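Participant: The residues making up each chain are set out below.
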Amino acid sequence: MKYLSEYRDAQLVRAVMDEISRTIHQPWVIMEICGGQTHSIMKYGLEQLLPADVELVHGPGCPVCVTSLEMIDKALAIASLPNVIFTSYGDMLRVPGSSGDLFSVRATGGDVRVVYSSLDAIKIAQENPDKQVVFFAIGFETTAPANAMSVIQAHNLGLENFSLLVSHVRVPPAMHAILGSPSSRVQGFLAAGHVCSVMGFWEYPSIAEKYNVPITITGFEPLDIAQGILLTIRQLENGSHAVENAYARVVTFDGNRPAQKTIRQVFEDCAQAWRGIGMIPLSGWRLKDEFSNYDATNRFQVQSIKPSESQLCIAGQILQGLKKPVNCPAYATQCTPEHPLGATMVSSEGACAAYYRYGRSQ
Amino acid sequence: MTDPLPTIEGLVCPVPLPHNERIVLGHGSGGRMSFDLITKIFTSSFDNPILKQGDDGGVLSISTGDQAASQRVAISTDSHVVTPLFFPGGDIGKLAVCGTVNDVAMMGGNPLYLTTGFILEEGLDLEILRKVIESMRSSAVEAKVQVIAGDTKVVQKGKADGLYINTTGLGLIPDGVNISGHNARPGDVVILSGTIGDHGIAVLAARGELDFEAQLESDVAPLNNLVRAMLDVSKAIHVLRDPTRGGLATSLNEIALQSGVGINIYENAIPVKPAVAAACEMLGFDPLYVANEGKLIAIVANEVAEQILSTLKVHPLGQEAAIIGKITEHAGDHVTLKTTFGTTRMVDMLSGEMLPRIC
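Protein sequences appear in the order of chains P and E. Numbered per our numbering, the first sequence finishes at 362, counting up by one with no gaps. Numbered per our numbering, the second sequence finishes at 1359, counting up by one with no gaps.
It is worth saying that the hints were derived from the structure and are not from the lab. Because the structure is a prediction, the values reported are computed rather than measured. The C-beta atom is built at its ideal place from N, Cα and C for all residues, glycine as well. Careful, some of the hints might be misleading.
Where chain E lies over chain P, by a calculated footprint (3+ residues, C-beta under 8 Å) [stated by the list, open to error]:
| id | segment |
| --- | --- |
| 1 | 8-22 |
| 2 | 99-113 |
| 3 | 218-226 |
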């Protein structure tokens, strides 16, 4: 477990936490954008090691949480059709739509299959020429290259029974939306290391500049997160707002250029609805016109689907860092992982699920 | 990029899921959904004091005519469905024998007899069945139990996954032994007999759905001989549980609920093989929730803990045994974990199926 145990070294983490305590002189609010980071913070109890003046708020960086209800409902409708094999990453099967989830569709006879890569869905399509195979292409910049590659592969193979239900989201526009909101409390950002490993961080200096907010590219291990917080606090205390890379073992300024090229070959920017937040301009990717025959929404009659949301949970405010899960009256009462009211509770990387699993009442 | 202004909508949320009206896979995960299903559907319908104990099986007293000579009998039943039927370290037949032998042993029973029921799918290769039966025979010999009755049904092709096996076990509980999930007391010590997650990861790797290979074997094994050795040392064993589906975390939560106590475990004391830890890292799983088929949790009086631990360590199935925690005063029936950083977090039951993370 080389390169892992070092980043979970309790002494090193404590040393960084002590340095944070020495550095901080006033309260600061920092958002970790990524659900994977939220998960680590709760799993290792890192908040307990931080000085009280550091408030961590949890961002919208969970692809499962922010996939729009409309898109989930479209997935449920397509997956319920005969002669369709609906393929998806496992996490999406539990996410509630307006009237159930993909597990429910499976229980009522729909052919819903968990795959670990969009390329696995290609194989299923090849093996089932008499069925329409649909892949639920959700996720941030991390899943987009493989999903784009699946379209290229389907195109090269001449597959006519494969399509994507695309609901990709992009981090930088979401950061704009959060920081541009009049109610934003976020003073510093821990940027999502995995996203930056693909995209680099060339999009971030303009964000830091525009909103006077320091941004630290941060990994997912306890030491990564502690260092990310320390670097952010140092900047906040100094009044600076630069972009710093605390995940240099994985992330470069340019990122993975071939992966970016693959994405650009297949997808183009579009406005995207984020569950709980709403429409954010240019925050998504859709298939380019030349690949529109691989768009499941063109292949199946799902245009008229209108989702219906209840008003109970506060997932939207949680995803924007305005409130914490424990501030929700439904948290751990009407809303639990077994009976989630919102996607932040259902996804394993959702903030509410992380709180429920690791802290419950903290 | 043009300047995207935030357009924050009103707060939105979907309606609760109708899972409670239809069975989904999560109901068989061994976690909270299974627990809820059992308590809400089965226990409430088959209401009786023995079932209500919520242990791995039922304990009843059978009188031999002289009340003073009544004998306590432990009975447990289990159905086994696994894909693939054969995996490194075991197969469905070995699992079917060991699983039920272990459930009887976890009540302090000395397993003696098994019955078995087969559901076979039309088209099943007889050679596969022969191999499974041979495996059951050899496991029964190892566990010193006899298969005394059985049943066979055949269903149409496509209606079963090759074959399913049900086994029911019966064993006698020695005098002076009182083991139940209700018996954990503050001050007791939690012992684990070895590394966790071996079975779950070995089976997952054997399915070939994921692009990873683990040099790992399932830990499936009969634990009754180990339990007997422990009871020979001391009768102050309060709880025994084999952490199968739902893993260590779910089993500890069940015990905490049954006994109305808190349980505090220590992260750095829980043995996990490096291959299991690595696979879990890759998949986004927590080893605490991964299934085991040859491990036990023992909750014992503090004064005998070291003695029990030493006994486990000299047994082939307990060499990596460790003290992993303690029973605390009632703490909302919660299981908590002291992390390697000295922080404390909750360890909940498994919610539904364990699903690999997206990224």
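Participant: Which of the numbered hints are not met once you compare them with the structure shown?
Facilitator: Violated hint (a single one): 3; every other hint is consistent with the structure.
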